[in-house]
Amino acid sequence: MTNARPEARRGPWFTTSRRIALLVAVMSLSAVAVFVIVVRDLPGLGGPVDLPWWAWIAAFAAGEVIKVWVQLKRDSHGFSLTDLVLVAGLYLAEPTTVVVTQLVGVGLVLVLRQRQTGLKLAFNLAQYALTGSLAVAVFAALAPNTDWDSPWRWAAALVAVAAVTLAADLCLFAALSISEGALHLRELPHMLMLSLPFAVGVAAIGLLAAYLALQNPTALMLLVLPSVLLISSYRAYTKAREQQNNLRLLHEITSLLYNSDDASTALTNFLTSVRGAFRAEVGELILLGEDGAITVSRSRDGQEPTALLPLTHSAGIEQLIASATATGVLTARTGQVRGSRLDEYAAQRGFKDAMVSVLRTENRVHGVLLIADRLGDVATFASTDLALLEPFARHLATSLERGRLETDLRHVTELKEKLRHQAMHDALTGLPNRTLFLDRTQHAVHLAARNGLWPAVLYIDLDGFKPVNDTYGHEAGDILLQVFSERLSRCLRSADTAARLGGDEFAVLVHGPIDESGVHRVLDRIRKQLDLPIDLGARREATIGASIGVAFADAGTDIATLINHADVAMYTAKRNGRQRSVFYEAGLGDATPEKPDPAAELAAALDRGEFTVAYQPLVDLRAGRTIGAEALIRWQHPVDGNRPPDTFIPLAEETGLIMEIGEFVLRDACRQAVRWVQSSSSPADLLVTVNLSARQVTDPTTVETVQAALADTGLEPHRLTLEITETVLMQDRDAAAANLDRLKAVGVRIAIDDFGTGYSSLAYLSRFPLDMLKVAREFVDGLGRDDNADVVTRAIVELARALGLRTVAEGVETDEQHRQLAELGCDFAQGYLFSRPVDAETIMALVAGESAETHAATRVAGSPVAERASA
Numbered sequence: 040m041t042n043a044r045p046e047a048r049r050g051p052w053f054t055t056s057r058r059i060a061l062l063v064a065v066m067s068l069s070a071v072a073v074f075v076i077v078v079r080d081l082p083g084l085g086g087p088v089d090l091p092w093w094a095w096i097a098a099f100a101a102g103e104v105i106k107v108w109v110q111l112k113r114d115s116h117g118f119s120l121t122d123l124v125l126v127a128g129l130y131l132a133e134p135t136t137v138v139v140t141q142l143v144g145v146g147l148v149l150v151l152r153q154r155q156t157g158l159k160l161a162f163n164l165a166q167y168a169l170t171g172s173l174a175v176a177v178f179a180a181l182a183p184n185t186d187w188d189s190p191w192r193w194a195a196a197l198v199a200v201a202a203v204t205l206a207a208d209l210c211l212f213a214a215l216s217i218s219e220g221a222l223h224l225r226e227l228p229h230m231l232m233l234s235l236p237f238a239v240g241v242a243a244i245g246l247l248a249a250y251l252a253l254q255n256p257t258a259l260m261l262l263v264l265p266s267v268l269l270i271s272s273y274r275a276y277t278k279a280r281e282q283q284n285n286l287r288l289l290h291e292i293t294s295l296l297y298n299s300d301d302a303s304t305a306l307t308n309f310l311t312s313v314r315g316a317f318r319a320e321v322g323e324l325i326l327l328g329e330d331g332a333i334t335v336s337r338s339r340d341g342q343e344p345t346a347l348l349p350l351t352h353s354a355g356i357e358q359l360i361a362s363a364t365a366t367g368v369l370t371a372r373t374g375q376v377r378g379s380r381l382d383e384y385a386a387q388r389g390f391k392d393a394m395v396s397v398l399r400t401e402n403r404v405h406g407v408l409l410i411a412d413r414l415g416d417v418a419t420f421a422s423t424d425l426a427l428l429e430p431f432a433r434h435l436a437t438s439l440e441r442g443r444l445e446t447d448l449r450h451v452t453e454l455k456e457k458l459r460h461q462a463m464h465d466a467l468t469g470l471p472n473r474t475l476f477l478d479r480t481q482h483a484v485h486l487a488a489r490n491g492l493w494p495a496v497l498y499i500d501l502d503g504f505k506p507v508n509d510t511y512g513h514e515a516g517d518i519l520l521q522v523f524s525e526r527l528s529r530c531l532r533s534a535d536t537a538a539r540l541g542g543d544e545f546a547v548l549v550h551g552p553i554d555e556s557g558v559h560r561v562l563d564r565i566r567k568q569l570d571l572p573i574d575l576g577a578r579r580e581a582t583i584g585a586s587i588g589v590a591f592a593d594a595g596t597d598i599a600t601l602i603n604h605a606d607v608a609m610y611t612a613k614r615n616g617r618q619r620s621v622f623y624e625a626g627l628g629d630a631t632p633e634k635p636d637p638a639a640e641l642a643a644a645l646d647r648g649e650f651t652v653a654y655q656p657l658v659d660l661r662a663g664r665t666i667g668a669e670a671l672i673r674w675q676h677p678v679d680g681n682r683p684p685d686t687f688i689p690l691a692e693e694t695g696l697i698m699e700i701g702e703f704v705l706r707d708a709c710r711q712a713v714r715w716v717q718s719s720s721s722p723a724d725l726l727v728t729v730n731l732s733a734r735q736v737t738d739p740t741t742v743e744t745v746q747a748a749l750a751d752t753g754l755e756p757h758r759l760t761l762e763i764t765e766t767v768l769m770q771d772r773d774a775a776a777a778n779l780d781r782l783k784a785v786g787v788r789i790a791i792d793d794f795g796t797g798y799s800s801l802a803y804l805s806r807f808p809l810d811m812l813k814v815a816r817e818f819v820d821g822l823g824r825d826d827n828a829d830v831v832t833r834a835i836v837e838l839a840r841a842l843g844l845r846t847v848a849e850g851v852e853t854d855e856q857h858r859q860l861a862e863l864g865c866d867f868a869q870g871y872l873f874s875r876p877v878d879a880e881t882i883m884a885l886v887a888g889e890s891a892e893t894h895a896a897t898r899v900a901g902s903p904v905a906e907r908a909s910a
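Quick note: the sequence shown uses this note's numbering, first residue 40, plus one each step.
Worth flagging that the hints you see were computed from the coordinates, not collected in a lab.
Errors might be hidden in some of the hints.
With a Cα cut of at most 16 Å, we get these calculated EDC-like pairs of lysine to aspartate or glutamate [said to hold, decoys possible]:
1. Lys505 with Glu580
2. Lys783 with Asp810
3. Lys783 with Glu755
4. Lys567 with Asp502
5. Lys391 with Glu320
6. Lys567 with Glu525
7. Lys505 with Glu544
8. Lys505 with Asp517
9. Lys391 with Asp340
10. Lys783 with Glu743
11. Lys613 with Glu544
12. Lys613 with Asp517
13. Lys613 with Asp679
14. Lys505 with Asp679
What follows is a list of derived Cβ distance ranges for each label pair [said to hold, decoys possible]:
15. Pro689 with Ala750: 26 to 36 Å
16. Asp593 with Pro689: 43 to 53 Å
17. Ala841 with Arg57: 53 to 63 Å
18. Ala354 with Arg57: 55 to 65 Å
19. Thr351 with Gly680: 45 to 55 Å
20. Thr351 with Gly469: 23 to 33 Å
21. Arg154 with Thr351: 31 to 41 Å
22. Asp659 with Gly680: 16 to 26 Å
23. Gln358 with Glu855: 23 to 33 Å
24. Ala594 with Thr54: 38 to 48 Å
25. Asp659 with Val830: 17 to 27 Å
Yeah, the Cβ is synthetic: ideal placement off N, Cα and C, and Gly gets one too.
With these hints in hand, go ahead and build the complete structure from the sequences.
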């Protein structure tokens, strides 16, 4: 079965509803054709019992009222007792009377009792018209000129019923196939196995009734009592069975609210299960917080469920709640009362049908549980569904009233707000990040288009930041960025925005009205702050400058053009001597040299040999010695110097050059590892780790590349460990699993990098052939300071031990972190406490047993920022 909707394949016009309408039209035309060509001219049998037409209508209506419902996939089908009346009619009534009275009697029940309308009503009427005409035609064709009590005539009646049951099932199967998008053919025999025996059995009773009517009409009274008893017993049984199933379902689903430690998971599981119980496309839970906040949790067929998102448009829900509390009807469905508030709300949301229950307890209203869009275009919610929804809502309201779930939800909401803030702000400086800056600039430009108060953008690049970072380390660089961010914010008005775009680049949005003199005043304040020295700690100070580009918005510029103008002006300031400000003017970008094409520059760097490989030592925490290293790519640019990996690795992935860069790192790492093994007095555990990019993980040629590197360098496969991040694994799990299985067969080891920061799951730990987990530096950095980091790190180490995997801690910078990791039983560690990334010769000296003092210069205190990247 495919997940794709037919609309997506055939265009938006030919929708599911239109295709079912076309099916109904075909069924209707077929029914008319059979009736006009065959049924209309057939003579009656002239039996001794002549019932009036209204009696037949009543009989067919009564047969339709008594139904047995069978669920099939995402829709349900009802088998009625109309076949009993149909068989009797074949014997006792005129052919045209049988067809017309069946259609009228069933139609009255569908409209007046079941309240069907629209496409569903049309489908059912077309089905009954077609099957009634076919039954008469088949019966007349198989039993012409035979005796009343002839077994052949009995068989003809039963065959006619079987034929129309098959036709009805085919129509239903076609409708379900259209509604589902696809339905396996093996479901059709299952449907027939359910319907044919029932239909033929009912028809046999109809034959008995017809025979008694022909022989002795008063004998029909003998059938009344046993028939009533059988029907009553069966209905009682089905009702008890339904109640039993509903109680089981109620227990299973409501237990989801209590058996999960995570409120978001509990909510989404609950909604998904409730939606499945009612065979609905949409399930929503709208909660009214005590603080006035309104959130919505949603489960929709074919989409990932969401939990506790802010509800921006709540007027419709508030009106629903007000209407329900005013009338006292807390649980309702569409179609109950014409023009009700729920009908209006469903129409506004585009729902074909819906049920809603207001979650109210003695203390207050907690929210609303909404179930909408019954799956299948010929199905809708019934009163039995409404009766089942009410206890679901009662249990949920009780859970909210007890406070446990609501407290958890409040905590989750607060956490979501915190995460939303983190997603829009720079983690180091607390300033808005590029995303939030662009959003605010877009808003300012749109607002200026209406009021004429055009803003200005300042693009700032710090001059002298890199020497400070290289000389004093990343921790000192971080302090510098934080102090500058605070001083930059103090230079602005409260309405203006300062943002960190990345690295040492910042931007400022100055709201209008603003002119050159106003911008100059802002620039003067910034320059004065730049003139002040920055205390880096440990009796170190630094003073930096900035190249600043300024661009003004106007009616002819969009946000992209505005940012680009400020960027061009900033680069002009940098080329003209740095530590100056330049205002953008028309033609300024044309007058400056064109920036080199990044992809071409990257390819040229490969050809010119500008890439090198650095190695960060890997230390055995038990033995206290270096047992290998991680290979890290470096680009020594002839103009810019050392370019961080995060500035070119994404481009290499995009252009495909990552394959060539990756092979370069792999071969160098294998070659150097062979030298380390030869120089070591105890090389048993010696290894080298190499990062695989997303493209390498899924590219089938990666296996051959690894095999060739091992063969050409002579490195034993078990000494090579390939690192993959969790995010990379999830991009194409099947291709990744296939490649990793082949690599494992070669004999290399597989490690998960930054474990715990991506899609951590026991499922992929069992699916992929892993040997090692690398604890992310975020958790290591918090050891001893953050209880959560302690717990997570301990859990990762214990999980790895239970699965037989080794653990590596990244970013170890302090002796306290070293001590705690050793106590936890972590196997290996790497970080600035032991060494910065160094050349291969230094690693060879370390694994050969050279003393740590000899290489003390490689140990620094600092925070590693972007030291490593995928190769």
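Here is how each hint holds up against the structure:
The straight-line distance between the Cα atoms of Lys505 and Glu580 is roughly 14 Å, inside the 16 Å bound, and the hint therefore holds. For the proposed pair Lys783 and Asp810, the alpha carbon gap of about 10 Å is at most 16 Å, so the pair holds. Between Lys783 and Glu755, the direct Cα distance comes to roughly 13 Å. Compliance with the 16 Å bound is thereby established for this hinted pair. For the given pair, Lys567 sits about 15 Å from Asp502 by alpha-carbon distance, which is consistent with the 16 Å threshold.
Only pairs whose Cα atoms come within 16 Å are accepted, and Lys391 paired with Glu320 is accepted, the gap being roughly 11 Å. Using a Cα cut-off of 16 Å, the hinted pair Lys567 and Glu525 holds, with the two alpha carbons roughly 14 Å apart. Restraint check for Lys505 and Glu544: satisfied, since their Cα atoms lie roughly 12 Å apart, inside the 16 Å limit. For the hint pairing Lys505 with Asp517, the CA-to-CA distance comes to about 11 Å; that is within 16 Å, so the pair holds.
In summary, the hint linking Lys391 to Asp340 is supported, as the alpha carbons are separated by about 15 Å, within the 16 Å threshold. Proximity of Lys783 to Glu743 is assessed by CA-CA distance (about 13 Å); at most 16 Å being required, the pair is judged to hold. A hinted pair counts as satisfied when its Cα atoms are at most 16 Å apart, and Lys613 with Glu544 qualifies at roughly 13 Å. Restraint check: the Cα-Cα separation between Lys613 and Asp517 comes to about 23 Å, which exceeds 16 Å; the hinted pair is violated.
In summary, the hint linking Lys613 to Asp679 is supported, as the alpha carbons are separated by about 13 Å, within the 16 Å threshold. Proximity of Lys505 to Asp679 is assessed by CA-CA distance (about 10 Å); at most 16 Å being required, the pair is judged to hold. Take Pro689 and Ala750: their Cβ atoms lie about 31 Å apart, and the range 26 to 36 Å holds. The given range of 43 to 53 Å is broken by Asp593 and Pro689, whose C-beta atoms sit roughly 33 Å from each other.
For Ala841 paired with Arg57, a C-beta distance near 56 Å keeps the hint of 53 to 63 Å intact. Checked against the hint of 55 to 65 Å, the pair Ala354 and Arg57 fails, with Cβ atoms roughly 32 Å apart. With their beta carbons about 48 Å apart, Thr351 and Gly680 fall inside the hinted range of 45 to 55 Å. Roughly 26 Å separates the CB atoms of Thr351 and Gly469, a value that falls within the hinted 23 to 33 Å.
Range check, Arg154 to Thr351: Cβ separation about 34 Å, and the 31 to 41 Å hint holds. The hint said 16 to 26 Å for the Cβ distance between Asp659 and Gly680, and at roughly 34 Å that hint is violated. About 59 Å separates the C-beta atoms of Gln358 and Glu855, a value inconsistent with the hinted range of 23 to 33 Å. The supplied range of 38 to 48 Å is met by Ala594 and Thr54, whose beta-carbon atoms lie about 42 Å from each other.
Against the hinted window of 17 to 27 Å, the Cβ-Cβ separation of Asp659 and Val830 comes to about 25 Å, which satisfies the hint.
The structure fails hints 12, 16, 18, 22, 23 (numbered hints given earlier, in ascending order).
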